[in-house]
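Those protein sequence lines, which keep their order, are chains A and B.
Residue numbers for the first sequence follow the working numbering, so the first one is 1 and each next one is one higher.
Residue numbers for the second sequence follow the working numbering, so the first one is 1001 and each next one is one higher.
If you are wondering where the hints come from, they were derived from the structure by calculation, not from laboratory data.
All figures in this text were calculated on a predicted structure; none of them were measured in a lab.
Don't take every hint at face value.
Mimicking DSS-like on lysine-lysine, the simulated pairs with C-alpha atoms at most 27 Å apart in a straight line are [claimed, not checked]:
1. 165(A) - 116(A)
2. 1723(B) - 165(A)
3. 1462(B) - 165(A)
Some chain B residues flagged as far from chain A (calculated, every beta-carbon gap over 12 Å) [said to hold, decoys possible]:
4. 1067
5. 1191
6. 1228
7. 1276
8. 1286
9. 1351
10. 1688
11. 1710
12. 1741
13. 1857
14. 1889
A short list of chain A residues far from chain B (calculated; beta carbon distances all over 12 Å) [claimed, not checked]:
15. 21
16. 61
17. 76
18. 141
Built from N, CA and C at the ideal position, the CB exists for glycine as well.
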Amino acid sequence: MTDSRDPVADFRVDAEPYYLTTGDELNMFEAAYDARLPVMLKGPTGCGKTRFVEYMAWRLGRPLITVSCHEDLFASDLIGRYLLKSDETVWQDGPLTRAVRFGAICYLDEIVEARKDTTVVIHPLTDNRRTLSVDKKGEVLAAHPDFMMVISYNPGYQSVLKDLKQSTRQRFVSLDFDYPNAENESEIVAYEGGVNRETAMRLVNLARKIRNIREHGLTEGASTRLLIYAAQLIRRGIPEKDACRSAICLPLTDDDRLQETLADLMADVF
Amino acid sequence: MRFDSAPSQTDTVDRPAFDPIGQLAALDPELFAAVTAELSRKSEPVSPSDAAALVEDTLWSIAREVTFGQSVARGMARLTGSVSDRRMGTYRRLVREAGTEGPEIGRIMAVHLVPVLCCGDDTLLADFLETVSVMRGKGLYTLRGTLGCFSDLLDGGEPGAAAAYLRLLHITFSQDLTYNKSNHLAHLISRSVPNFQTDRRLWQIRGFGEIIRTDYRLAEAFLDGMERGLDRLPEPAFQCFIEQGLEIWRRNPGFGSNFLALESRRAIDACLNLQTVATLSQMRAALDRYLRARLGVGVAVRSLSALPALSASEAMVCSDGRFIYLPDEISHFTEQEQNRFLYRCLVRIEAGGLEFNTFDFDYEKALDRCGLLPEPEADQAVDRSDLERFFNRFPDGVLAEDLFTIFEHGRIRRLLARHYPGLLRECLPLLQQEARHLLCRAGHPPALRLRLYAVIALGMDKGDIDRRDAPLPAPVMALIGRADDSVESSAALATMAYPLVERLVRPSGDSQAGQNCICPMITPFGRRVRPDLYWMTHREQERIADMLKRRLNDRGVKIYKSDLKKRIRETGGGVTPRDLQELVVSVRENGSVDGAVSSSLSSSELFEILRQAGVAAAEPKPAAGPVSWYREWNAAAADYLDHHVRVQDTRVAGCPGPFYEKTLTRHSGLVRKIRYAFELLKPERLTILRQWLEGDAFDYRALLDFALDRRAGLMPSERLYIKRLKQDRDVAAVLLVDLSRSTANRVPGSKRSVLDVEKEALVLFCEALQVVGDDFAIAGFSGTGRLGVDYFRIKDVDEGVGEAVKARINAVSPRRSTRMGAAIRHATSQFDRISARVKLLIILGDGFPNDVDYKQGYAIEDTRKALLEARAKSIYAHGITVNLTADARLDDLYGAGCHTVISDVRELPDKLLRIYRDLTR
Chain A
1 MTDSRDPVAD
11 FRVDAEPYYL
21 TTGDELNMFE
31 AAYDARLPVM
41 LKGPTGCGKT
51 RFVEYMAWRL
61 GRPLITVSCH
71 EDLFASDLIG
81 RYLLKSDETV
91 WQDGPLTRAV
101 RFGAICYLDE
111 IVEARKDTTV
121 VIHPLTDNRR
131 TLSVDKKGEV
141 LAAHPDFMMV
151 ISYNPGYQSV
161 LKDLKQSTRQ
171 RFVSLDFDYP
181 NAENESEIVA
191 YEGGVNRETA
201 MRLVNLARKI
211 RNIREHGLTE
221 GASTRLLIYA
231 AQLIRRGIPE
241 KDACRSAICL
251 PLTDDDRLQE
261 TLADLMADVF
Chain B
1001 MRFDSAPSQT
1011 DTVDRPAFDP
1021 IGQLAALDPE
1031 LFAAVTAELS
1041 RKSEPVSPSD
1051 AAALVEDTLW
1061 SIAREVTFGQ
1071 SVARGMARLT
1081 GSVSDRRMGT
1091 YRRLVREAGT
1101 EGPEIGRIMA
1111 VHLVPVLCCG
1121 DDTLLADFLE
1131 TVSVMRGKGL
1141 YTLRGTLGCF
1151 SDLLDGGEPG
1161 AAAAYLRLLH
1171 ITFSQDLTYN
1181 KSNHLAHLIS
1191 RSVPNFQTDR
1201 RLWQIRGFGE
1211 IIRTDYRLAE
1221 AFLDGMERGL
1231 DRLPEPAFQC
1241 FIEQGLEIWR
1251 RNPGFGSNFL
1261 ALESRRAIDA
1271 CLNLQTVATL
1281 SQMRAALDRY
1291 LRARLGVGVA
1301 VRSLSALPAL
1311 SASEAMVCSD
1321 GRFIYLPDEI
1331 SHFTEQEQNR
1341 FLYRCLVRIE
1351 AGGLEFNTFD
1361 FDYEKALDRC
1371 GLLPEPEADQ
1381 AVDRSDLERF
1391 FNRFPDGVLA
1401 EDLFTIFEHG
1411 RIRRLLARHY
1421 PGLLRECLPL
1431 LQQEARHLLC
1441 RAGHPPALRL
1451 RLYAVIALGM
1461 DKGDIDRRDA
1471 PLPAPVMALI
1481 GRADDSVESS
1491 AALATMAYPL
1501 VERLVRPSGD
1511 SQAGQNCICP
1521 MITPFGRRVR
1531 PDLYWMTHRE
1541 QERIADMLKR
1551 RLNDRGVKIY
1561 KSDLKKRIRE
1571 TGGGVTPRDL
1581 QELVVSVREN
1591 GSVDGAVSSS
1601 LSSSELFEIL
1611 RQAGVAAAEP
1621 KPAAGPVSWY
1631 REWNAAAADY
1641 LDHHVRVQDT
1651 RVAGCPGPFY
1661 EKTLTRHSGL
1671 VRKIRYAFEL
1681 LKPERLTILR
1691 QWLEGDAFDY
1701 RALLDFALDR
1711 RAGLMPSERL
1721 YIKRLKQDRD
1731 VAAVLLVDLS
1741 RSTANRVPGS
1751 KRSVLDVEKE
1761 ALVLFCEALQ
1771 VVGDDFAIAG
1781 FSGTGRLGVD
1791 YFRIKDVDEG
1801 VGEAVKARIN
1811 AVSPRRSTRM
1821 GAAIRHATSQ
1831 FDRISARVKL
1841 LIILGDGFPN
1851 DVDYKQGYAI
1861 EDTRKALLEA
1871 RAKSIYAHGI
1881 TVNLTADARL
1891 DDLYGAGCHT
1901 VISDVRELPD
1911 KLLRIYRDLT
1921 R
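Pulled out of the complex, with its shape left as it was, chain A reads as follows:
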């Protein structure tokens, strides 16, 4: 629903989201925004990419429009389509068009999931043209000066058939995300999960061990997000081992032998 006064009011980030800086990403993003360069966030799942974008949107005072990409995403889902409203056809802007038109940050999450013929839609926006072609309306939309494109991408387990093409990749400034170091990660887990530092430290310790067997059976290590889930369960009185099992071990794999190893690691730490 659009507000006639502020068409992107729904997308403004009002409260400061919690985000702990781990490197130079803040400065980099601000510099990129200043130059209106498109940004690509690379990193494993659950390490803070989306949270970072929210934080930057709040910090820069821009609205944030997020699109979760998937295989059935068509170009019209991004750009917009005609809708039938009591016998009349009315044009409805898609999220991308809205961002372009009103100067929001458009965040395409997990862009590799989308089809290639959908992804190319963003090409004219990510070079010096900064235009969006709305064929159905016969309109070429010039981007609002405050518009910025951000995409996220997990290079780890993607099927190569869904890899990001060079012609798309090379339009973006890339920021590398990874799980924070032990200190920072336990601070994050303690804050978001609402547990004390010692428990958070133990959860982080467990995650580090699990990440050692990434590529040796597990496709991905335990993400910070899962640790936060576990912490939140612990805070609500669930015993530590059960919380870890449900929040960390079971989601990672269905393989019995790996479950056994994860259970051993858990028993060590708690």
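Please build the complex by placing chain B on the supplied structure of chain A, with the hints as guidance.
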């Protein structure tokens, strides 16, 4: 007759003037020597009558047959003075009786009566005679091989097992058996029973007897079952299983036989359920995975039997910094689950030593901590580890080592409590329980060191361990509070405790009376720090780090060796001068860091430090398989030599090791590229094409757009359909690897051999083909001569790439020669069992076929013919030759365009997969 002078041994025995034994010298000098040696070992001198009796019987029996006489002489020599006269009389009587019937039975009795009479059990003697009588009824052949085991059991101090064995023989040969069956059973029994494990064979022999009593035809099935796992069952479980098996047999003999042989699923499950023993082979994969997660580096478990005998000792667990060694089986508890738990506990605790850097002990740092002076320059030999050097500083190195172990294990326990409270909570009680058990056994008062260990290392309550009559020394206990997290602090505490403990240990009951050195203390499960093992594995690295350190020291720069080693490990060999500058402890007055540092580093030395010198595995014995005969093409005669070459198909015996994983890590960049490239090869089973011009069904979203566009007055799109495409890929490949001697050659400019690189290529090949999903098999070949071609199966087509295959790849080693034609023909025959649209044979070698009488043109022609035969069966063959410059004869061999030359074998891993991809695109 010869009149040799008697050898000097006679001087040691008090002999009368006329020595009857001396007569033997003339008869048989060797026998004489053996007899006198035996007699000289007696506590009392031999009486003349005994000597005369010995000679008399010997002469009597030797007259009948030489070996009979020899056995009598030896037997009587052994019995003389060791048994009563009555028994001696029995022996003589029985031997004469038997000898009268025939020399062979006489000899048998002469030999085997000896241990029976020595053990002094008349019942056993009666059983023995009875059994021999029964067996003689069948025929002397039954006695020939079987009684040896009986005597060995008696001589080995197992009278119970010997008696059971007799009963087994009695049961077996009192049955109605044909000659063949008797012979066969005699052979089976004599061959199998000696292999029964000492601590279990009593009931196993009894069980065997039960089986044979029920039906002698079950003997083989039973022995098969023993090999497959029955031998591991404890007594009650074993009997239970046998009863079950016989019960099933009564209802259906065939099923019963399968059950006892552990062939049926039911039997295997029953056995597993009854088993209380945990085995390393069951636990290995899980333990390795745990270690990889816990430590993040390539530490794995290995069997204690891989250690040389001297190093093995009584410990149940030990480590050399690279591997954790464990026993092949654990039967400490009565429940299998508890035994498995013990494995896991031992690994988790021992990993603590690796994680908290016990072996990073630095001799110099320790000296600084303890305020000791270094030895004079001349004594600073680098022929042992830093820990051993430190222990040698003390008058009693063993005591110093024990004290260090006590404090070090305490340090590790504290660190584990801090980082892994759960681990300690689960595992420590087990160690403490074992310590209590040892304390009870250790006499009164229990050994001081063990008590100190219990309190300091295991954190047990001082009140429980302390004794009023021998309290734990307070000054030593007070040292606990001065511990910190470094391994050198354990050394410092040991140094401080040494004089106090030495005084207490020397005069009291801890030491062995009359010996200068005390024995090492006994710890729960034999856990201790093992610097000797560490040295065995890391000698080269230590030597080089030490050399670097000395060079720097010569130039006035002091760096600790352990810091050097650690930095080199961390940077992967890329130590820079800046790294060294960070590690500098101090600089002497005339020394300068830059100069010293830049001149001390040599990349080849650093490389050496990193080179993971794995302990070479003993040559594994491959499991023999079927033999096939193939023809060979004789170009000169333009005809085949039929049935000419013998190919033995064997499966490589795997040797578990980290080679597979290490290769993946080493080539991680390439592995990613491979997975990428091969996933592209993989056809998506079902491709859905949306918004297509034509297809099977409507794409509803496109239809909606169609309607809306029309309403909006726009030109609607024609792309309204969904099309489903099925793509298929049906490729099977066999990769045939030449394992000839030449593959052991070093790759120029590297320390690895050609085969090492080929093995890496195999690993990557496995990874790639798993991604793309093609069926594949891997085999190696070599041999000598036309009757000795070996075809080593590393991976079968229907086998997944599991631990077994990885272990086999690890174990592959260079062999002998290259008779390619036969190997290709055998590989071709493997394809008969594979149905695939595209069949591919890739031959990986480092040269031309070459074998005994198989050279040059002859060999090339035969190989070519074999390849043509393969092609005729629609098998596409491609040759890859490594480490050779291009040779026109390769075209003759494989056919132009059907082979690739890779002159630098290091490119093989990459190129092999590219070739495969191109062939199967």
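Inset, instruction - Run the C-beta distances from residue 1889(B) to all of chain A and say if the shortest one exceeds 12 Å. - result: Check passes; 40 Å lies beyond 12 Å.
Legend entry - Consistency of the no-contact label for residue 1741(B), given chain A and a CB cut of 12 Å: holds, 35 Å
Inset, instruction - Please settle this one: residue 141(A) was flagged as non-interface, so is its CB more than 12 Å from every CB on chain B? - result: holds, 18 Å
Legend entry - Non-interface label on residue 1067(B), tested against every C-beta of chain A at 12 Å: holds, 60 Å
Inset, instruction - Take a quick look at residue 1710(B) and tell me if its Cβ sits farther than 12 Å from every Cβ on chain A, holds or violated. - result: violated, 10 Å
Legend entry - Distance rule for residue 1286(B), whose beta carbon must clear each one in chain A by more than 12 Å: Non-interface label fails for residue 1286(B): nearest chain A Cβ at 6 Å, not farther than 12 Å.
Inset, instruction - Quick one: work out the minimum CB distance from residue 1857(B) to chain A and report holds if it exceeds 12 Å, violated otherwise. - result: holds, 47 Å
Inset, instruction - Compare the distance between the alpha carbons of residue 165(A) and residue 116(A) with 27 Å, and conclude whether the hinted pair is satisfied. - result: With a Cα-Cα distance of about 9 Å, the restraint between residue 165(A) and residue 116(A) holds, given a limit of 27 Å.
Legend entry - Hinted pair residue 1462(B) and residue 165(A), Cα distance within 27 Å: With a Cα-Cα distance of about 68 Å, the restraint between residue 1462(B) and residue 165(A) is violated, given a limit of 27 Å.
Legend entry - Distal placement of residue 1191(B) relative to chain A, Cβ over 12 Å: holds, 39 Å
Inset, instruction - Test the statement that residue 1276(B) is away from the interface with chain A: the closest C-beta pair must be farther apart than 12 Å. - result: holds, 20 Å
Inset, instruction - Taking the shortest Cβ-to-Cβ distance between residue 76(A) and chain B, state whether it exceeds 12 Å. - result: Violated, since 7 Å does not exceed 12 Å.
The structure does not agree with the numbered hints 3, 8, 9, 10, 11 and 17 stated previously, though it agrees with the rest.
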